[in-house]
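*Asks:* Chains as they are written, first to last, in numbering that gives the first Met the number 0: chain A, 0 to 149; chain B, 0 to 367.
It is worth saying that the hints were derived from the structure and are not from the lab.
No experiment lies behind these values; they were computed from the predicted model shown.
Don't take each hint at face value.
Per label pair, the in silico range of CB-to-CB distance [what the hints assert, rightly or not]:
(1) SER57(B) x ARG5(A): 18 to 26 Å
(2) GLU194(B) x ALA107(A): 48 to 56 Å
(3) GLN219(B) x VAL10(A): 29 to 37 Å
(4) SER57(B) x ASP37(A): 34 to 42 Å
(5) HIS6(A) x GLY88(B): 20 to 28 Å
(6) GLY265(B) x VAL10(A): 26 to 34 Å
(7) ARG293(B) x VAL71(A): 35 to 43 Å
(8) GLY176(B) x GLY75(A): 35 to 43 Å
(9) ARG5(A) x TYR295(B): 54 to 62 Å
(10) ASP37(A) x ASN41(B): 19 to 27 Å
(11) ASP37(A) x GLN219(B): 57 to 65 Å
Positions of the beta carbon are idealized from the N, C-alpha and C atoms, including for glycine.
Here's the letter readout for the chains.
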Amino acid sequence: MKENPRHIPVVESLREGILSRDGFMGEDTRPFTDIILDDAAVLASAGTNAVELADKMTRLTRAALAQAGQEVVVEGYRVLVEDYMGRISCPFRDHRAPKRNTQVWDNAGRQMSWTALGVHLIRAHGFFQGQGAPYRLEPAQLADFLRALD
Amino acid sequence: MNFSVILTTVGILAAVSAGLSVIISVADAVLNNYGTCQLDINNGEKLLSVKGGSSLLSLLASEKIFIPSACGGKATCGLCKVGVLEGGGPLLLTEEPYISLEERKQHIRLSCQVKVKTDMKLRIPEELFNIKEFLCELVEVEDMTYDIKRLRLKLPAGESIKFKAGQFVQFYSKPYGKVREEAFRAYSISSKASETDHLELLIRLVPNGIVTTYVHTALQVGDTVRLSGPYGDFYLRGDCEELVMIAGGSGLAPIRSLVYDVIEKGLPHKMRFFFGANTMRDLYYMEEFTQIERDYPQFKFIPCLARPAPEDNWQGVTGFVTVALEEQVADSVSKEAYLCGSPGMLDACIKILKTKGFTDETIFYDKF
Chain A
0 MKENPRHIPV
10 VESLREGILS
20 RDGFMGEDTR
30 PFTDIILDDA
40 AVLASAGTNA
50 VELADKMTRL
60 TRAALAQAGQ
70 EVVVEGYRVL
80 VEDYMGRISC
90 PFRDHRAPKR
100 NTQVWDNAGR
110 QMSWTALGVH
120 LIRAHGFFQG
130 QGAPYRLEPA
140 QLADFLRALD
Chain B
0 MNFSVILTTV
10 GILAAVSAGL
20 SVIISVADAV
30 LNNYGTCQLD
40 INNGEKLLSV
50 KGGSSLLSLL
60 ASEKIFIPSA
70 CGGKATCGLC
80 KVGVLEGGGP
90 LLLTEEPYIS
100 LEERKQHIRL
110 SCQVKVKTDM
120 KLRIPEELFN
130 IKEFLCELVE
140 VEDMTYDIKR
150 LRLKLPAGES
160 IKFKAGQFVQ
170 FYSKPYGKVR
180 EEAFRAYSIS
190 SKASETDHLE
200 LLIRLVPNGI
210 VTTYVHTALQ
220 VGDTVRLSGP
230 YGDFYLRGDC
240 EELVMIAGGS
250 GLAPIRSLVY
260 DVIEKGLPHK
270 MRFFFGANTM
280 RDLYYMEEFT
290 QIERDYPQFK
300 FIPCLARPAP
310 EDNWQGVTGF
320 VTVALEEQVA
330 DSVSKEAYLC
340 GSPGMLDACI
350 KILKTKGFTD
360 ETIFYDKF
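Chain A with its partners taken away, still in its complex shape:
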């Protein structure tokens, strides 16, 4: 299928070595628009959506940010935020996020992590990143992981 010309700069920015070392697509060969649609369908069947998940992720990160570098307990989760100097641009060119990583553990010992840019990609673009990308979050897993925040 012919690439939408408006998507060309986004596709370029998603690949490895442009905005980040490993990029945002991993080994996924689907167009990013298909990844977004497929993940949205998964979320819909789980009874949630990208914005709802991003809100919960933001809540956990914000609560731990004041004590960045230190593990804190927030709403039953253990949360550790690491903040770095500098910012990274969104591949969709509408935001620049701080270089910030959040690691979260639940009571069952499960762990998930996300970046500030990753949360923006989910909230603003419904983009959970391609399969194999280092910060790809599986929508169904994430929804289940954050379920306790309802």
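Add chain B to chain A, keeping to what the hints say.
*Replies:* Coordinates of chain B only, in the frame set by chain A:
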């Protein structure tokens, strides 16, 4: 289907593909050929002829005019502003977040986003013409912590760099691993401004970072490193009696340079340096700053550990740097604050400083 039909089909497809590639290449060369463009800088002060088609930032750099940029031309730092009086086209969506209404009236643009397609009239601050490019030799690498390296770089024989303590350079990484293009990022100079034949940088590994991964995994002593600089307006104003300095992680770099500058110039300012870290393993340059404190009574060093382990036997301030700031800085009277660290730390410290009476005019930090 027999074998010869398959071969013929494959051959035809290959020929068609090759033909299309040629057509696309020719079309690209014709349609995107902007020819030679004239850049008139500062009303005829400099006239450049460049081949159009690239960003203004990169074309100016190819003509040895280095506009500051911390993000490598990705429209994320907002530093590469120049006046584009004619020929820049309309403001792009990617520029809007960085260009204020006042700047729009002055035709300020992000040079990384403006593509040179026609003759242009530009306005560029004079001081940027003094920025130079250096091909340095990496002569030392030292692990300061588990994720921060100190690089010592030797300038080419006969060359020197004149910078103000606190300023930064742009560091260019080479292609490596999956990274197929050169990239550059801004790093503050940590060495003394009086030392003009070497530079030192402190670089913390950022997960998935392009340039920091290059520094931490690919760069070797003896390698040639391309730098340009110096850049930035984070330097000593000194219109006060006391300097409140705050840093976290590799943010120590410009503060170290500033401290030495004050001492070497014999300036009268009192200095208090709050250095925030999480655990003992995040602290470095402890002996050096403790020694400075002993030698120069005007300097006070306050390392703060957020979560010291019991076995650390930590005797210093426990808690976040913001706690120490809250407790130990009473007011803003005749004080200036100099900060360098992560956005989260900067925001938290600035908030506290403002409650003490500091203003945007007395708080200094790099905004990248």
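*Asks:* Now tell me if each hint is right for this structure.
*Replies:* For each hint, the structure was consulted:
A C-beta distance of roughly 23 Å is found between SER57(B) and ARG5(A), which places it inside the suggested range of 18 to 26 Å. Here the CB-CB span from GLU194(B) to ALA107(A) is close to 55 Å, well matched to the stated 48 to 56 Å. At about 34 Å, the beta-carbon gap between GLN219(B) and VAL10(A) stays in the expected band of 29 to 37 Å. In this structure, SER57(B) and ASP37(A) meet the distance hint of 34 to 42 Å, their C-beta atoms being roughly 37 Å apart.
Distance hint check: the CB atoms of HIS6(A) and GLY88(B) are about 21 Å apart, consistent with the given range 20 to 28 Å. In this structure the hint that GLY265(B) and VAL10(A) lie 26 to 34 Å apart at CB is violated, the actual value being about 57 Å. Distance hint for ARG293(B) and VAL71(A): a CB-CB separation of about 37 Å, consistent with the stated range 35 to 43 Å. At roughly 39 Å, the beta-carbon separation of GLY176(B) and GLY75(A) lies within the given 35 to 43 Å, and the hint holds.
Separation of ARG5(A) from TYR295(B) is about 59 Å and conforms to the stated range, judged on CB atoms against 54 to 62 Å. The beta-carbon spacing between ASP37(A) and ASN41(B), approximately 53 Å, falls outside the hinted interval of 19 to 27 Å. About 43 Å separates the C-beta atoms of ASP37(A) and GLN219(B), a value inconsistent with the hinted range of 57 to 65 Å.
Checked against the numbered hints above, the structure violates hints 6, 10 and 11; every other hint is satisfied.
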